[in-house]
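Q: Chain by chain, the residues:
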Amino acid sequence: MKYAFFPGCVSKGACPELYQSVMQVYPRLGIELAEMTTASCTGAGVLQEKDPRLGDALNARTFALAEQQGLPIMTICSTCQGVMSQANHRLTTRPHYLQEMNDLLREEGLTYRGTTTIKHFLWILLEDVGEETLRQHITRPLSGLRAAPFYGCYIQRPTDALEFDRNPDRGKSLERIIEILGAEVVDFPGKTRCCGFPILTINEKNSLAMVATHTRDAQSHGADIMVTPCPLCHLNLDGMQTNAARQEQTSIDLPILHLPQLLGLAMGLDIKSLGLNRNLISPKSALSKIGVGL
Amino acid sequence: MHTTLRIRRFNPEHDHPSSYYQEYDLEIDPSDSVLDGLIKIRETIDDSLTLRCSCRGAICGSCGMRINGHATLACKTKMISMASEGETIQVEPMNNMPVIKDLVTDMAPFWAKIRQIQPWLQPQGLPPTAEYTASPESMNHLSGVMSCIMCGVCVSDCTVLEVDKTFVGPAALAKAYRFVADPRDAATSQRLNFLNQPSGMWDCTRCMECIQVCPKGVGPMDRIMALRAKGLAKKVPSTCGSRHAEVFTDIIKHKGILDEPMLAIRTFGLKNIGRLLAMIPMVLQSLLKGKVPPLGPLHRPIPGIQHIQRLFKQVRITR
Ligand code: SF4
Ligand code: SF4
Ligand code: SF4
Ligand code: SF4
Ligand code: FES
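Protein sequence lines, in the order shown, are assigned to chains A and B.
The opening position of the first sequence corresponds to residue 1 in my numbering, with each subsequent residue numbered one higher.
The opening position of the second sequence corresponds to residue 1001 in my numbering, with each subsequent residue numbered one higher.
Possibly wrong hints are sitting among the right ones.
[What the hints assert, rightly or not] Under the rule of at most 25 Å between Cα atoms (straight-line distance), these lysine-lysine pairs were calculated in the BS3-like manner: (1) B:K1235 <-> B:K1216; (2) B:K1165 <-> B:K1255; (3) B:K1078 <-> B:K1216; (4) A:K205 <-> B:K1165; (5) A:K272 <-> A:K284; (6) B:K1289 <-> A:K284; (7) A:K289 <-> A:K272; (8) B:K1216 <-> B:K1230; (9) A:K172 <-> B:K1078; (10) B:K1289 <-> A:K272; (11) B:K1230 <-> A:K12; (12) B:K1235 <-> A:K12; (13) B:K1040 <-> B:K1076; (14) A:K2 <-> A:K12; (15) B:K1078 <-> B:K1101; (16) B:K1078 <-> B:K1040; (17) B:K1253 <-> B:K1234; (18) B:K1313 <-> B:K1234; (19) B:K1253 <-> A:K12; (20) B:K1101 <-> B:K1076; (21) B:K1076 <-> A:K289; (22) A:K172 <-> A:K119; (23) B:K1040 <-> B:K1101; (24) B:K1253 <-> B:K1235.
Source of the hints: derived by calculation from the structure; they are not laboratory data.
Starting from the given sequences, assemble the full structure and let the hints guide the process.
A: Below, the structure is given as structure tokens:
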């Protein structure tokens, strides 16, 4: 199981604990990674506001680089996954467009034939590593911990680009992982909604209202923690939670864990090595429920 | 096939009106639509159930409602796609609009927003002797967005409308694009300037709910992104939204990877120094927690950045 690893800007920037925790868990699961150091940002949907063809050209280049290595791409960010899946969908369903993009790549000696698959770490855990192997690595089942899933938009929609028709279980993958790790799934209405991050700089009030709604809802449904496969969601739900609670005149205190942090916990890994001390909303009291100190 | 429809009811004529759920067991044909099921309930079990429909063929747009948590047209949704034998299907009125009775919502706010964007052609100069003509390509480009049936399904599931009723919303923004991209319309700049204001095109979160639920493939969010691109190309007055897109693009062009501190500083700019200062506590807290990126807060350009820069240049030339 070898992948071209696309870490994404945020795990290399504002969420270093995500990168750190992935590095801890992947080798133990029989995964091999070759990090794509020369690939650019996906554009995050923002570059695409300026010029959609520009975003597709950059992504076609990334896909061609992975194709050259003969490896599928692994992402660890819902947004990277979604933006790349959509680009790949356009490129592989419109031969003329692919040709047009290949014309742009020619000077670098690259061509994209349309064979690269792009998979989020979340899907890899279930579809490639498999439930049985995962279970073998659980040394500290998270029983007693109540975890609310938060997907982020780009790993849920649009379903055609994300190939939900061929992989219908992807829509419930986070719940499945939580169960396998031994924690209890806390269902709440906002799990597939938007965290509001993309409008944080544009309409802070609306953005914070979204953070408050989802974290408060999850907490009132009994969640001890929330887990997300998207570092951008993490930035808003963890980083802005205090401001959001203040704006909505309420109190919320819900730790937000990156998916590999939750996985690492169940694998018995050390708290510091998973970067759990770096989360802004402290997971201390939640961790005490599984007998772990921070 | 046997199924249960769990329907959210609301009767404004009750003494203390509040919504509640009511379940109906139903024997149905697997090929029945949810609308067929609802009509069957009304005709054979409970004639007080109120719903709205007309064409029953996904044309009139009147049967929008939420089925198993997402808005859709009831006449276009087969029961069998929603539940297996014996399972329950949940039916509720659309979100983000007032409920009149049971599954019928008030579309007045929806139409007010459509009116807001002046949904009519505004050509300039003397009228032509025959018709206003446009190239087949330009009309072809618009055919997708012109297939909107004004059902309100996208508005029902819009994330922003959930927290802010003033947002123009996906249907009206898609309709605005229909005129902005029409070569016969001469009000492009006024339209874009109007949409550049708060509650306009920059307020969308890009959550894609509207793309996912639209029964006609209009792709409202894609039209919103196209409006933003047109706005940037036409140099609408700078706002946090437009600066965010410009600065983001510029950072990727120079580094290939995003620099969050740089993005924030340049997006807010000196004009919004208050917003920057307001971020200081969060930044300090992050530093205290050791949340410092492995490469330092500002990234160096990625290896191979010259290829990224060449793509930026080439895409611009071939546009
Ligand atoms: S998180 Fe966003 S900005 Fe970062 S790599 Fe992914 S798409 Fe790019
Ligand atoms: S929830 Fe918000 S930040 Fe997260 S992926 Fe979706 S749009 Fe992005
Ligand atoms: S993409 Fe934008 S317009 Fe569409 S539902 Fe989401 S916030 Fe609303
Ligand atoms: S864009 Fe689609 S969902 Fe929205 S009103 Fe038009 S047809 Fe309905
Ligand atoms: S009844 Fe006309 S669209 Fe459903």
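Q: Next, verify each hint and record whether it holds.
A: Each hint, compared with the structure:
Using a Cα cut-off of 25 Å, the hinted pair B:K1235 and B:K1216 is violated, with the two alpha carbons roughly 32 Å apart. Using a Cα cut-off of 25 Å, the hinted pair B:K1165 and B:K1255 is violated, with the two alpha carbons roughly 38 Å apart. For a cut-off of 25 Å, the pair hint linking B:K1078 to B:K1216 stands: about 16 Å separates their Cα positions. This hinted pair checks out: A:K205 and B:K1165 have alpha carbons roughly 13 Å apart, not beyond 25 Å.
Pair hint A:K272 plus A:K284 holds up; C-alpha atoms about 12 Å apart against a cutoff of 25 Å. Restraint check for B:K1289 and A:K284: satisfied, since their Cα atoms lie roughly 14 Å apart, inside the 25 Å limit. The suggested pairing of A:K289 with A:K272 holds, with an alpha-carbon distance near 18 Å, which does not exceed 25 Å. Distance restraint check for B:K1216 and B:K1230: the Cα-Cα separation of roughly 24 Å lies within the 25 Å cut-off, and the hinted pair is therefore satisfied.
Distance restraint check for A:K172 and B:K1078: the Cα-Cα separation of roughly 22 Å lies within the 25 Å cut-off, and the hinted pair is therefore satisfied. For the suggested pair B:K1289 and A:K272, the alpha carbons sit about 11 Å apart, so the restraint of at most 25 Å is met. For the hint pairing B:K1230 with A:K12, the CA-to-CA distance comes to about 32 Å; that exceeds 25 Å, so the pair is violated. Restraint check for B:K1235 and A:K12: the C-alpha separation of about 33 Å exceeds 25 Å, so the hint is violated.
At most 25 Å may separate the alpha-carbon atoms for a hinted pair to count; B:K1040 and B:K1076 meet this at roughly 16 Å. Restraint check for A:K2 and A:K12: satisfied, since their Cα atoms lie roughly 21 Å apart, inside the 25 Å limit. At roughly 24 Å between alpha-carbon atoms, B:K1078 and B:K1101 fall within 25 Å of each other, so this suggested pair holds. For a cut-off of 25 Å, the pair hint linking B:K1078 to B:K1040 stands: about 14 Å separates their Cα positions.
A threshold of 25 Å between alpha carbons decides the hint, and for B:K1253 with B:K1234 the separation of about 21 Å falls inside it, so the pair holds. Among the hinted pairs, B:K1313 with B:K1234 is consistent with the structure: their alpha-carbon atoms are about 19 Å apart, no more than 25 Å. Straight-line distance between C-alpha atoms of B:K1253 and A:K12 comes to about 18 Å, which keeps the hinted pair within the 25 Å bound. The suggested pairing of B:K1101 with B:K1076 holds, with an alpha-carbon distance near 22 Å, which does not exceed 25 Å.
Simply put, B:K1076 and A:K289 have alpha-carbon atoms about 47 Å apart, too far for the 25 Å limit, and the pair is violated. Taking the CA atoms of A:K172 and A:K119, the gap is about 15 Å. The hint holds against a cut of 25 Å. For the proposed pair B:K1040 and B:K1101, the alpha carbon gap of about 18 Å is at most 25 Å, so the pair holds. Simply put, B:K1253 and B:K1235 have alpha-carbon atoms about 19 Å apart, close enough for the 25 Å limit, and the pair holds.
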